[in-house]
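There are 2 protein chains.
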Amino acid sequence: MKKNLKLRAVVSPTPAIIAAAYDENGKADACTLAFYAPTSHKPPCLTIAINATAKRKTLKSILHSGAFTIGYPSVEQIAEADWIGMASGYEHDKIAEVGWSVTKAEMIDAPVINELKLTIECKVVKTVTIGSHTQITGEVVNIQADDSILDERGRYSLEKLKPIIYDEENWRYLAVGDGAARAFNSGLVFKKEG
Amino acid sequence: MKKNLKLRAVVSPTPAIIAAAYDENGKADACTLAFYAPTSHKPPCLTIAINATAKRKTLKSILHSGAFTIGYPSVEQIAEADWIGMASGYEHDKIAEVGWSVTKAEMIDAPVINELKLTIECKVVKTVTIGSHTQITGEVVNIQADDSILDERGRYSLEKLKPIIYDEENWRYLAVGDGAARAFNSGLVFKKEG
Chain U
1 MKKNLKLRAV
11 VSPTPAIIAA
21 AYDENGKADA
31 CTLAFYAPTS
41 HKPPCLTIAI
51 NATAKRKTLK
61 SILHSGAFTI
71 GYPSVEQIAE
81 ADWIGMASGY
91 EHDKIAEVGW
101 SVTKAEMIDA
111 PVINELKLTI
121 ECKVVKTVTI
131 GSHTQITGEV
141 VNIQADDSIL
151 DERGRYSLEK
161 LKPIIYDEEN
171 WRYLAVGDGA
181 ARAFNSGLVF
191 KKEG
Chain G
1001 MKKNLKLRAV
1011 VSPTPAIIAA
1021 AYDENGKADA
1031 CTLAFYAPTS
1041 HKPPCLTIAI
1051 NATAKRKTLK
1061 SILHSGAFTI
1071 GYPSVEQIAE
1081 ADWIGMASGY
1091 EHDKIAEVGW
1101 SVTKAEMIDA
1111 PVINELKLTI
1121 ECKVVKTVTI
1131 GSHTQITGEV
1141 VNIQADDSIL
1151 DERGRYSLEK
1161 LKPIIYDEEN
1171 WRYLAVGDGA
1181 ARAFNSGLVF
1191 KKEG
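Listed in order, the protein sequences are those of chains U and G.
Okay, so the first sequence: first residue is 1 according to the numbering used here, each after it adds one.
Okay, so the second sequence: first residue is 1001 according to the numbering used here, each after it adds one.
The hints are simulated quantities; they were obtained by calculation from the structure and are not laboratory data.
Every residue, glycine too, gets a C-beta built ideally from N, C-alpha and C.
Just to be clear, a hint being listed does not mean it is correct.
[To be verified] One-sided excerpt, in silico: chain U residues whose CB lies under 7 Å from chain G:
no., residue
1, PRO38
2, ALA49
3, ALA52
4, ALA54
5, VAL75
6, ALA96
7, TRP100
8, MET107
9, ARG155
10, ARG182
[As the list claims (entries may be wrong)] Simulated restraints, written as ranges between beta carbons of each label pair:
no., chain 1, residue 1, chain 2, residue 2, range
11, U, TRP171, G, GLY1026, 39 to 45 Å
12, G, GLU1091, U, TYR90, 52 to 58 Å
13, U, LEU7, G, GLY1177, 27 to 33 Å
Excised from the complex, chain U in its bound form (with noise of 0.2 Å):
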């Protein structure tokens, strides 16, 4: 039987990333956010979206520079993700805090945190506010990837990267799961034979 349950934005399962970005001094601001898609392929492209009535230093500090950088935390990093993603950037520094630093992005000015093994560089193309968000997509300049979550493709490995899924229902963070079928493949017993 199908039940109505109560309007919310429905935020599982969703992956815990960490955008960064300069503020208009120059001091690296991050926050954690489940409000994260990949939104192009040509050119690639990737939108996030930031509550733009509470305060946000992270929104602003992105809106000031036009480029920010996210980046995936592993499960070993879940604190570290958490605190981010609580503490303001108006009282905190949040990055220092959990022990961590930044390198400047080689292609935008934006900062990437080092201790992240995948980290997307992005460009701002478009903002707009919808509701009590404002959402911003990112063109994807640049992906640094630390050859630890490599295969032997050159791809990163979900198994090694390890990345965060987050659970808003349950207020909790969960793992990636096991390999359950292969992608356009696993459809074909529906394609009917000529």
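Here the structure of chain U is known, so what remains is to put chain G in place on it, guided by the hints.
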């Protein structure tokens, strides 16, 4: 050591969901996609992106009807979801081919796939084309869940829903893994006592 990877939309890990809409003849279309994110809390909104340079019938149907649903397939429905992501709605009645059926949504003019255990009903509030894809933001106007996936508090349970995580790096589908830590809690180890 950091290495630069080939530029692309990074689509791992992202949930695989099924968007559905009625075409201009009232026939239900659906496509599986991973370009999806929650994008606003108040009002609750989500954004999907569909390739506008390819012949995507579901995109046309959503733009025509101004409404769509998002349903979560489970890992037991991977073959069905994979076929709905592979075949074209112009050539195939994909929903029937996988043995599924639809009911009109309660709040909008869009189909709910009966076999999916969590469905979000959305009204289109904004569309913007960036790069190869059209981003469609929908306001959540209803959430329907099968009571088999609800926990004792009436929330849906990821352990019961068993959603699919898509890994484009390796063209495969994965399950959500084990719980790793509590959110808005694990990070408190970095909070200095005042």
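Hints and how they fare:
1. Interface hint at PRO38 (chain U): satisfied, since its Cβ lies 4 Å from the closest Cβ of chain G, which is below the 7 Å cut-off.
2. Annotation: interface hint on ALA49 (chain U) holds; nearest CB of chain G at approximately 4 Å, less than 7 Å.
3. Because the closest C-beta pair between ALA52 (chain U) and chain G is about 9 Å apart, greater than 7 Å, the hint is violated.
4. The beta carbon of ALA54 (chain U) is not positioned within 7 Å of any beta carbon in chain G (closest approach about 10 Å), and the interface hint is therefore violated.
5. With a least beta-carbon distance of about 5 Å to chain G, the hint placing VAL75 (chain U) at the interface is held under the 7 Å criterion.
6. Hint status for ALA96 (chain U): violated, given a least beta-carbon distance of 10 Å to chain G, over 7 Å.
7. About 11 Å separates the beta-carbon of TRP100 (chain U) from the nearest beta-carbon of chain G, more than 7 Å, and the hint is not met.
8. Using the Cβ-Cβ criterion of 7 Å, the hint placing MET107 (chain U) at the interface with chain G is not satisfied: the shortest such distance is roughly 9 Å.
9. Taking 7 Å as the C-beta contact cut-off toward chain G, the hint placing ARG155 (chain U) at the interface holds, the least distance being around 5 Å.
10. Using the Cβ-Cβ criterion of 7 Å, the hint placing ARG182 (chain U) at the interface with chain G is satisfied: the shortest such distance is roughly 5 Å.
11. About 41 Å separates the C-beta atoms of TRP171 (chain U) and GLY1026 (chain G), a value consistent with the hinted range of 39 to 45 Å.
12. About 55 Å separates the C-beta atoms of GLU1091 (chain G) and TYR90 (chain U), a value consistent with the hinted range of 52 to 58 Å.
13. In this structure the supplied range 27 to 33 Å holds for LEU7 (chain U) paired with GLY1177 (chain G), their Cβ-Cβ distance being about 28 Å.
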